[in-house]
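Asks: Here are the chains, one letter per residue:
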Amino acid sequence: MTHRNRQLQVGALARVEGEGALHVVIADGRVEDTELRIYEPPRFFEALLQGRAYSEAVDITSRICGICPVAYQSSAWNAMEDLTGSDVGERIAALRRLLYCGEWISSHTLHIYLLHAPDFLGYPDAVSLAKDHRDRVECGLALKKAGNAILEQVGGRAIHPVNPKVGGFHRAPTNAELAPLAEQLRRAADHALDTVRWVAGFEFPDLELDHELLAAYDADRYAIERGDLVTSTRVSFPVRDFLDHVVERQVPHSTALHAQLDGRRYLTGPLARYTLNSDRLSPRARQVAAEAGLGPTCRNPFRSILVRAVEVVYAVDEALRIIESYERPDPPAVDVAPRAGVGHGVSEAPRGLLYHRYEIDAAGLIRAATIIPPTSQNQAAIENDLRRVVQANLTLDDPALTALCERTIRNYDPCISCSAHFLDLTTERR
Amino acid sequence: MNVVLDRAGLDELVDVLLADGYRVVGPTVRDGAIVLAELDSPAQLPAGWGVDVEPGRYRLRRRDDAAVFAHSAGPQSWKQFLHPARQRLFTDDGPVEEAPVRYAFLGVRGCDLAAIATLGTVLRGSAYDERRAGLLVIAVGCTEPGGVCFCASMGTGPAPGPGYDLALTERLDDRDHRFLVETGSDAGASLIERVVHRVATPDEVDDADTAVRAAAGRMGRQMPSGDLRALLRESRESPHWEEVAQRCLTCGNCTMVCPTCFCTTTEDVTDLTGEHAERSQRWASCFELDFSYLHGGSVRTSGASRYRQWMTHKLSTWYDQFGTSGCVGCGRCIAWCPVGIDITAEAAALAAEGPRDA
Amino acid sequence: MRADPMLPTPYRVAERVVETHDSATLRLEPVGTALSGARPGQFCMLYARGIGEVAISISDAQPGGSLVHTIRDVGAVSRALHDAGAGTTLGARGPFGTNWGLESAAGHDLVIVAGGVGLAPLRPVVLGALARRGDYGRVVLIAGARGPDEFLYRDQLAQWATGDDIEVERTIDRPTSGWDGPVGFVTEPLARLSVRPDRTIAFVCGPEPMMRYSANVLIDKGVPAGDIRVSLERNMQCGVALCGHCQLGPLLVCRDGPVVDYATAGPLLTVREV
Amino acid sequence: MTSLAVWKFASCDGCQLTLLDCEDELLTLAEQVTIAHFLEASSRVLPGPYDVSLVEGSITTPDDAERIRDVRAQSKTLITIGACATAGGIQALRNFGDVEQFRSVVYASPSYIDTLATSTPIAAHVPVDFELRGCPIDKGQLLEVISALLVGRKPDVPDTSVCTECKRRGLTCVAVADGTPCLGPVTHAGCGALCPSVRRGCYGCFGPMAGANLPALTGQLRRSGVDEDVIGRMLATFNVTAFGAVDDASK
Ligand SMILES: Cc1cc2nc3c(=O)[nH]c(=O)nc-3n(C[C@H](O)[C@H](O)[C@H](O)COP(=O)(O)OP(=O)(O)OC[C@H]3O[C@@H](n4cnc5c(N)ncnc54)[C@H](O)[C@@H]3O)c2cc1C
Ligand code: SF4
Ligand code: SF4
Ligand code: SF4
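So the sequence lines, in the order shown, correspond to chains A, B, C and D. In this text, residue positions in the first sequence follow my numbering: the first is 4, and each later residue adds one. In this text, residue positions in the second sequence follow my numbering: the first is 91, and each later residue adds one. In this text, residue positions in the third sequence follow my numbering: the first is 24, and each later residue adds one. In this text, residue positions in the fourth sequence follow my numbering: the first is 19, and each later residue adds one.
Just so you know, these hints were derived from the structure itself, not from any lab. Be a bit skeptical, because a hint or two may be false.
[Stated by the list, open to error] Just the calculated beta-carbon pair ranges, DEER-fashion:
| hint | chain 1 | residue 1 | chain 2 | residue 2 | range |
| --- | --- | --- | --- | --- | --- |
| 1 | B | Asp-182 | A | Glu-93 | 48 to 54 Å |
| 2 | B | Asp-182 | D | Arg-187 | 23 to 29 Å |
| 3 | C | Val-97 | B | Gly-111 | 49 to 55 Å |
| 4 | B | Ser-275 | D | Thr-46 | 49 to 55 Å |
| 5 | D | Lys-172 | C | Thr-56 | 28 to 34 Å |
| 6 | C | Val-97 | D | Phe-148 | 15 to 21 Å |
| 7 | B | Arg-176 | C | Ala-214 | 47 to 53 Å |
| 8 | D | Thr-95 | C | Ala-84 | 38 to 44 Å |
| 9 | B | Ala-279 | C | Glu-296 | 49 to 55 Å |
[What the hints assert, rightly or not] EDC-like cross-link-like pairs, simulated, lysine to aspartate or glutamate; straight-line CA separation at most 16 Å:
| hint | chain 1 | residue 1 | chain 2 | residue 2 |
| --- | --- | --- | --- | --- |
| 10 | D | Lys-172 | D | Asp-147 |
| 11 | D | Lys-172 | C | Asp-96 |
| 12 | A | Lys-134 | D | Glu-49 |
| 13 | D | Lys-172 | B | Asp-380 |
| 14 | A | Lys-134 | D | Glu-43 |
| 15 | D | Lys-172 | B | Asp-361 |
| 16 | D | Lys-172 | B | Glu-357 |
| 17 | D | Lys-172 | B | Glu-368 |
| 18 | D | Lys-94 | D | Asp-147 |
| 19 | C | Lys-244 | C | Asp-221 |
[Stated by the list, open to error] Partner residues aside, some chain D positions facing chain A, computed with beta carbon under 8 Å:
| hint | residue |
| --- | --- |
| 20 | Ala-48 |
| 21 | Ala-59 |
| 22 | Gln-109 |
| 23 | Arg-112 |
| 24 | Val-216 |
| 25 | Arg-217 |
Each residue gets a CB set at the ideal place from its N, CA and C atoms; glycine is no exception.
Please put together the full structure from these sequences, using the hints given.
Replies: Set out below in structure tokens:
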């Protein structure tokens, strides 16, 4: 076999959320093409939102992704409240942030333990990993469970929470109802710190990416459930200008749309958030990040698992802080009276920025909806990373190279359910 | 001898019960209704709250006084404590032993007191016996019947029948806020001795009696007179069931809120390993399609037959099975039916169809 | 402490006899204390650990504490019971309900009509009558099954058929090669039977329509409804009149049945969906 | 050992995620069954046939219509999990619209996208042995079905109204006490009455219960002042086809 012309085939990419394929063409020892091919069937959410009530977007868009439903819900209510200029007040906002922390903990931990760590340790899945490292996996599951406990207590359900709505919540939990969560989270904090230390011991291939970065920004805290936008070139803009900067286009090989930031390839997600906002992390998160060898920025996508682990520490800290200072909002929601116009909302889904835009008519019905999920924003970056990884590792044999490609993709925890969905790898070496 | 407690005396009574280790269950406001819940303090009583109740509609209302018992039946009944919605019966290790609980029920109305006795007859020989044995009952005479109440026509109220330890009648006027007390047991009598009270004046006793008696005339609903047991028995093939079935959701709410509906389904389950097996039971409803399931299909598939089963059981076949009416007239099934189906109106409709050849 | 009415008593399968392709008879021996006093017509709640519990009739009167039950596999629980091999531990509660009251039929002719697995609860009636043959007049058994291989207790039936103590009529639903006996539902031989209406007690068990038709045939012959005893079936969860599932109008079948005279049962079975 | 496969069609992944959300049971489960095909969780794929297949998602492409036949052929027991698989999901709203127009709303050049005009439940394509309802399914019910299957028990998954669960929890009915529109009386139980527990009306995640009396409920909604359009939208969500079928049958 020559290393100059090769053809690689991978049936289905595993341990990603959704379904897709990867196609790599190598000719004359050069990577000619890398395509992340998304074949998740489209579900036409933007179309089926037309004619629905403004209040329904929260429940409907949640169903785009079972992994990060709170992200969809948050971006939706942010957009609706942007349209009406509603202010839900600090108490409701805090409860929402608590809910979102639950999703970060649960979703990040899912990715770290069940989807990504097996790559670093050479196992096909977490169940096999547990055969040799049961304590480890149990620690991960306990951490994940703590995240889900927040989602269940505050949101009413871990997947597609029922309690949140535009304006706030249907019912706000009492202090007594939140108390057991704090107990569980204090134990989870130890698990979260352990996770960082454990992951820090993994071996990370070298790769330094040069994409533009985009993340939400909040002057007072590490942005999660809302924020303005900031880029690595220190351009900042309000959410309502999002579409002036980000343009989506369709590519032939994918049912997901690809996005560009001011005409350039860019990245959102943990690396972008960390690099742009790490100074806003909690002291404990910053400290453990430093211990784990992370500087104030991180541009190696293989280290994203580490950044996620640090974000979990932060989310646990935040959740505890919020519960400790919780004051039950009464009423649990503010009235949001719809009016005709356009509203924009973003939030930081575990995998990156999630943008919603709605055009509402005078009756409060949605006339048009645009949703830009993180994976379509990141797709160009992922393809670019792949190209560089393959180019740098042409000496590897096909199985090893294929595995490395899959790993590269998993760095992004690409949520194909969101973008449309994922993976099946074909590599052609010509 | 009749005595009187004031509001502070009532609070003291609750505190004494709590201090004695009773789990005091009484009315309190939660999530838009007056529910029955364990009270940590007499301050949780629904002072100043009333309710407006109609078929399929219940609303909390602020009163212009501070009465604590001036409301009619809410979404739950006492059966949730004596006959819980879910009970574990046994595991591989044998029967599930229940730590004995001493409940003190505060604010039991005549209808509900009758229901506790009715359930006692049905569930004799089950764990209900023990739960009931340790029970202390503080009943209340009803002076403020609700829009769907009809205990007077079922003979269970408004004055509570036997079976209580203490019975209170709440009176509020320009002078004071007082509770006329009747004792029904030695336990009740010795409780009263431990709280501040005074002797009731004859006027006060009269006033309380009159108020309770007057309540009988202010019931929002009334069962048609006549032999309901025979009426239902003879109405098995009435076309009226089909008519009710058009409206009935077969949702089962009426049975779940009914203070005497006792039916349960057993669940035998194992865990994933199959190494642990256990049995529990949960409230069932004759409106559930599977309730009458026999191999090959359910006996009662139509909504009409299920509604007929329910109403006939309450008003007629209960006599055959347990010697009394299964309906005590609390009105819960009417209030909490989402479409407001009214058992008294359906009984009247059947009666109006006139005599049939049995 | 009150004995828990829902707690099964352990029994071990001592013997399992295959009856038909989907039915088997189990002889159960108590592991510890035995349930006592089982009478023909009554039933036990048999428990397959972790799978569930169902009502199964007493199908043989046994001295001592052992129980004999014939089970037809129709669903998850009955399958687990049916499949239980010798040595398996099962649970049993009971015996529950009314019985056939065979003694009270002394001095009468007995007409026993069984459809399918309905023969199981009736076998002890036959055995009881044979044991005290002199107490009864004519004894007739009409047993129906879907096919020749679907009869329970085939050897016993054949043996009874050869003697003079009992008249046995077997009928199958549809003609089958190798079967030269009567074909048709049990109501056909029953209709041909000449009975002394005032001196006959009938015992009927089988699918509900079969019991209705049989009772009607007997009533047409002048047998009073009160002298026709049927065994009823309703969904049963507890067996002890606590769960409410087995209601049939005024009856709690587990307590007031399963054996009920047709004067009581008739009006309930002829109205739809009671 | 029983082999378990998990398959995905058009869906949000939430139902299969429910399996991974069984934090306390996941490792035990992995000891009781061989997880033979579960792409979201494992890159190890064992060949069929499979004893039990859990199928998530609806059929929306010609390829998927083929693939589900293949899955059926390889599976002894096929269990559909969730509203997408049992009723077509929220994406079945397209069945009532113009899919060409849908495509053009989402994609500038719709010709790239190969999609059917309908989103259909699995049972419309192949026989299904058991259906687990919900958007998403309930974790407890999922474990119950798997545990029951492993020992040969009938799963305890009652097909009654959400109201029965609501009442067993001792909740106050939001329809009666708050005047909130609630689909509980016609909706299949299973969630444990989540919405009423947060004082919200049930929005029908589990689809219609057996014998749901839809006209009686819509009548009640109308009488309490809910607009016809709103009623239409209440029923047109994750189980739009299933509620639609009940509605049609009642006409
Ligand atoms: C008094 C009485 C005596 C019986 N005697 C016998 C007997 O001797 N031999 C025999 O094979 N069968 C007998 N049966 C019928 C037997 O109980 C059912 O076949 C059995 O319950 C089916 O349960 P399953 O779980 O296998 O089936 P499924 O169809 O899966 O039933 C599920 C559940 O429904 C209920 N159920 C279903 N069918 C019946 C039924 N026919 N009767 C009562 N409950 C039912 C049970 O709770 C059962 O667990 C008797 C029934 C009764 C009421
Ligand atoms: S009315 Fe129905 S649920 Fe209530 S006790 Fe009777 S049979 Fe049981
Ligand atoms: S009568 Fe009312 S509460 Fe009862 S089942 Fe019918 S609709 Fe539900
Ligand atoms: S709140 Fe909804 S689910 Fe609960 S009882 Fe009322 S109608 Fe039924």
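Asks: All the hints need checking, so say for each whether the structure fits it.
Replies: Against the structure, the hints:
1. Taking 48 to 54 Å as the suggested C-beta distance range, the pair Asp-182/B and Glu-93/A conforms, at roughly 52 Å.
2. Take Asp-182/B and Arg-187/D: their Cβ atoms lie about 28 Å apart, and the range 23 to 29 Å holds.
3. Restraint check, Val-97/C to Gly-111/B: a C-beta distance of roughly 51 Å satisfies the suggested window 49 to 55 Å.
4. At about 52 Å, the beta-carbon gap between Ser-275/B and Thr-46/D stays in the expected band of 49 to 55 Å.
5. Evaluation of the 28 to 34 Å hint for Lys-172/D and Thr-56/C yields a pass: the beta carbon distance comes to about 30 Å.
6. In this structure the hint that Val-97/C and Phe-148/D lie 15 to 21 Å apart at CB holds, the actual value being about 18 Å.
7. As the Cβ distance of Arg-176/B to Ala-214/C is approximately 52 Å, the hint placing it in 47 to 53 Å holds.
8. One distance hint, 38 to 44 Å for the beta-carbon pair Thr-95/D and Ala-84/C, holds here, with the actual separation near 42 Å.
9. A hinted range of 49 to 55 Å holds for the C-beta pair Ala-279/B and Glu-296/C, which are about 52 Å apart.
10. This hinted pair checks out: Lys-172/D and Asp-147/D have alpha carbons roughly 12 Å apart, not beyond 16 Å.
11. About 14 Å separates the Cα atoms of Lys-172/D and Asp-96/C, which keeps this hinted pair within 16 Å; it holds.
12. With a CA separation close to 10 Å, the supplied pair Lys-134/A and Glu-49/D stays within the 16 Å bound.
13. A C-alpha spacing of about 13 Å is found between Lys-172/D and Asp-380/B, which places the hinted pair at or below 16 Å, so the restraint holds.
14. Straight-line distance between C-alpha atoms of Lys-134/A and Glu-43/D comes to about 15 Å, which keeps the hinted pair within the 16 Å bound.
15. Between Lys-172/D and Asp-361/B, the direct Cα distance comes to roughly 13 Å. Compliance with the 16 Å bound is thereby established for this hinted pair.
16. A C-alpha spacing of about 10 Å is found between Lys-172/D and Glu-357/B, which places the hinted pair at or below 16 Å, so the restraint holds.
17. Restraint check: the Cα-Cα separation between Lys-172/D and Glu-368/B comes to about 15 Å, which is no more than 16 Å; the hinted pair holds.
18. Between Lys-94/D and Asp-147/D the CA atoms are separated by roughly 9 Å; this keeps the pair inside 16 Å, and the hint holds.
19. Distance hint between Lys-244/C and Asp-221/C is fulfilled; the C-alpha atoms sit about 10 Å from each other, no more than 16 Å.
20. Against a cut-off of 8 Å between C-beta atoms, the interface hint on Ala-48/D holds, since the closest Cβ of chain A lies about 4 Å away.
21. Residue-level restraint check for Ala-59/D holds (minimum Cβ-Cβ distance to chain A is 6 Å; threshold 8 Å).
22. Below 8 Å, beta-carbon pairs count as interface contacts, and Gln-109/D has one with chain A at about 4 Å; its hint therefore holds.
23. Hint status for Arg-112/D relative to chain A: holds, with the closest Cβ pair at about 6 Å, below 8 Å.
24. Using the Cβ-Cβ criterion of 8 Å, the hint placing Val-216/D at the interface with chain A is satisfied: the shortest such distance is roughly 4 Å.
25. Taking 8 Å as the C-beta contact cut-off toward chain A, the hint placing Arg-217/D at the interface holds, the least distance being around 5 Å.
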